[in-house]
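Visitor: So the chains spell out like this:
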Amino acid sequence: MTVVQTETEIPLEGFVGEVFKQLGDAVLEVHQCEARRGIVRIDPRRTVEVAKKMMAMQGSRLATATGIEVRDGIDVLYHWAFEPAGAVVTLKVLARRPELEVDSIADVVFAGNWIEREMHDLLGANFRSHPDMRRLILDDSWPEGVYPLRKDFDQVEDRPPLPPTQSSPDVATDGREGK
Amino acid sequence: MALKMWALRKSLWVYHVNAGACNNCDIEVLELLTPRYDIERFGMILVGSPRHADVLAVTGVCTRQAMPRLQEVYMQTAKPCVVLAIGACANAQGIFTEAYHMGLPVDEAIKAVDPNAIIIYVPGCPPKPESMIDAAVKGMELLKTL
Amino acid sequence: MSHRTVVNIGPFHPLQEEAEFYQLYVEGETVVDMDVRISYNHRGIEKLDESKTFDQVPFVVERVCGICSASHPLAYVQAVEEIAHVQVPERALYLRTIVNELERIQSHMLWVGLAGHFLGYNTVFMWAWKYREPCTDALEIATGSRVSYANCKIGGVRRDMTNEQLKAIDQAVTEQQEPLEMLTKAVLDDPVLHARLKNVGVLTPEDAKSYGALGPTVRGSGIPIDVRRDDPYAAYDRVDWEVITAPGGDVFGKAVVRLLECFEAIKIIKQCVKDIPGGEIDAKVEAIPPGEGIGRVEAPRGETFHYVRSDGSNRPVRHKIRAPSFNNVPTFKASCIGLQIPDVAITLASVDPCYSCTERMCVAVDAQSRKPMYNFAELVKLSQQKTQRLLKQW
Chain R
0 MTVVQTETEI
10 PLEGFVGEVF
20 KQLGDAVLEV
30 HQCEARRGIV
40 RIDPRRTVEV
50 AKKMMAMQGS
60 RLATATGIEV
70 RDGIDVLYHW
80 AFEPAGAVVT
90 LKVLARRPEL
100 EVDSIADVVF
110 AGNWIEREMH
120 DLLGANFRSH
130 PDMRRLILDD
140 SWPEGVYPLR
150 KDFDQVEDRP
160 PLPPTQSSPD
170 VATDGREGK
Chain D
0 MALKMWALRK
10 SLWVYHVNAG
20 ACNNCDIEVL
30 ELLTPRYDIE
40 RFGMILVGSP
50 RHADVLAVTG
60 VCTRQAMPRL
70 QEVYMQTAKP
80 CVVLAIGACA
90 NAQGIFTEAY
100 HMGLPVDEAI
110 KAVDPNAIII
120 YVPGCPPKPE
130 SMIDAAVKGM
140 ELLKTL
Chain B
0 MSHRTVVNIG
10 PFHPLQEEAE
20 FYQLYVEGET
30 VVDMDVRISY
40 NHRGIEKLDE
50 SKTFDQVPFV
60 VERVCGICSA
70 SHPLAYVQAV
80 EEIAHVQVPE
90 RALYLRTIVN
100 ELERIQSHML
110 WVGLAGHFLG
120 YNTVFMWAWK
130 YREPCTDALE
140 IATGSRVSYA
150 NCKIGGVRRD
160 MTNEQLKAID
170 QAVTEQQEPL
180 EMLTKAVLDD
190 PVLHARLKNV
200 GVLTPEDAKS
210 YGALGPTVRG
220 SGIPIDVRRD
230 DPYAAYDRVD
240 WEVITAPGGD
250 VFGKAVVRLL
260 ECFEAIKIIK
270 QCVKDIPGGE
280 IDAKVEAIPP
290 GEGIGRVEAP
300 RGETFHYVRS
310 DGSNRPVRHK
320 IRAPSFNNVP
330 TFKASCIGLQ
340 IPDVAITLAS
350 VDPCYSCTER
360 MCVAVDAQSR
370 KPMYNFAELV
380 KLSQQKTQRL
390 LKQW
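Residue numbers (numbering that gives the first Met the number 0), protein chains in the order written: chain R, 0 to 178; chain D, 0 to 145; chain B, 0 to 393.
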């Protein structure tokens, strides 16, 4: 079943439609606009501006974000939830290859902080002017530049080797020197 | 050594390590402490430091990040000690075998630092508290033979 | 001159599905900054799901968190049902509600017990866990397992319940009512607990919104966010219940929300058992068409968010899981700053049940000499001693 829909075919109605209208021409393409769910693609240059608008709306909160590897780069999906309307509005931003870079919204809404760090860890998306881009999800010995959620990463074949273990119990640092 | 083993037969103290578990096994381990299962009948209590412990109750798959810490905790534990590998994950990584963030399985991770470690496996996802009690009692029996 | 010290908590301290490693920066007794390192429990479930078929994924996501093992599969299943436009039979919706509410009771009871342990009220710990047992029994009757229920499937539920089973569940929650009332009174009327918990670890509504806090954490700040009401799933729009909130945003508020929610859960279960219709328990699902779906479930700790994308094959292209703690854990940064060290333990615990608190390894290190100062047992002792001091005052 393939239904190709262009932006003009989807009428902006109901609560979700109102939210989209407020975003104005930052919206590039409307994928879905139903009673409680909406998906749009927005202009990557205006991510921060849109996030500020969303944050100012009544009852909004950033539920989470999803990163997906697509042909042209990485799609970053910000899921905004609205209470008590019970709607989830998904804003898609494309981070184009080869830089894979979009603006960070962590300064606008703190909930974006951790999830952007996670997407950086797992997919290699880069977030411009993120306040604290340290490693969050992967372990300390994981090599830089290996992104497990990319489609070309095979979870069994491409596993990085484990660091060597300390073999002798005698060299154990027991963290209790002194006292 | 004989004196140590004699002392170890009664009142095993347990230190619980979550090396990447989903908390299923962990709540069942805590369940052992509480009135219905009450493992203190056998002189076992949970302690807050591996240095006081005779038994390491390890749950979870042992992720890459947790593995060096698990080995560290094992080295800190007073010897001789027994390792209880609780649940399918700690036994053989369970359904997470293929996932990318795995370290060595719990038994291999511990044998890497001490080849003579005593490991008792408690299968199940999660094992019922009854089978954990069974394992603990078997562990005590095992220590008597050493 | 201020003397800054680093207090390490963890890493063996699993809240939710992640073991975390906290570093508290303290000056004297006061916490001035905080940092956290996770990853200890990262198992790569999202990648693992891409290699499983749609029907296999519920069993994997059930093991995201053993205590939310009814909520995660339900959220995933709802996301897939949204893609495939599946009409789930009424009876299945009611059965899902019953299992999810039983889970809520056992999870909240578990938290009350551990909070009691932290404050040095070990009686509360033992009692709460003892009175939690009828609930796990009911879950065993309903699904065959005390934890990991394996109850959900795409299009419905996997197992029907007979009238006898429903009656046994009804009886179990009736038995639950009385000890719960006793526990609630013990917590709400205790002057020492008031002194220990009120105005401790305050999360303001503004912070709650910015951090995207969820569940009892945000409802304890007086904000009525509840997916069960806002975006109704299962049978929540067919039964009569209320969203519980408490003002203040402190630890006490969160405790009140959790305790009162147990009563609402009992109310919901009783109505479900009474009103459950007969009929099929699952709808036939042919194939999953290409598309994107979102599933939201109010787990005991807050909204669980699942996003699934399908390309028409029998495996998901992407499955994103966001557990409530991912948003709740960073709120420590807002609620712990300025607290005293003995209060941090309970504030950390207030966001979320920390099941294995007893086994977490903690060493406080003097930042200048790198010498250990406290271990975890001593930290809990500090917390318990504070309660003792207050007890004497009253």
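It cannot be assumed that every hint is accurate.
[What the hints assert, rightly or not] With a straight-line cut-off of 27 Å between C-alpha atoms, the simulated DSSO-like cross-links for lysine-lysine are:
no.	chain 1	residue 1	chain 2	residue 2
1	D	Lys127	B	Lys152
2	R	Lys91	B	Lys51
3	B	Lys197	B	Lys51
4	B	Lys152	R	Lys51
5	B	Lys269	D	Lys137
6	B	Lys129	R	Lys150
7	B	Lys197	D	Lys127
8	D	Lys9	D	Lys127
9	D	Lys110	D	Lys78
Just so you know, these hints were derived from the structure itself, not from any lab.
Visitor: Hints first: check each against the structure and report whether it holds.
Guide: Going through the hints against the structure:
Under the criterion of a C-alpha separation no larger than 27 Å, the hint pairing D/Lys127 with B/Lys152 is consistent with the structure, at around 24 Å. The straight-line distance between the Cα atoms of R/Lys91 and B/Lys51 is roughly 26 Å, inside the 27 Å bound, and the hint therefore holds. About 47 Å separates the Cα atoms of B/Lys197 and B/Lys51, which puts this hinted pair outside 27 Å; it is violated. A distance of roughly 39 Å separates the Cα atoms of B/Lys152 and R/Lys51; the hinted pair therefore is violated under the 27 Å criterion.
A threshold of 27 Å between alpha carbons decides the hint, and for B/Lys269 with D/Lys137 the separation of about 43 Å lies outside it, so the pair is violated. Only pairs whose Cα atoms come within 27 Å are accepted, and B/Lys129 paired with R/Lys150 is rejected, the gap being roughly 48 Å. Distance hint between B/Lys197 and D/Lys127 is unfulfilled; the C-alpha atoms sit about 38 Å from each other, more than 27 Å. This hinted pair checks out: D/Lys9 and D/Lys127 have alpha carbons roughly 23 Å apart, not beyond 27 Å.
Restraint check for D/Lys110 and D/Lys78: the C-alpha separation of about 14 Å stays at or below 27 Å, so the hint holds.
Hints 3, 4, 5, 6 and 7 from the earlier list are contradicted by this structure; the remaining hints agree with it.
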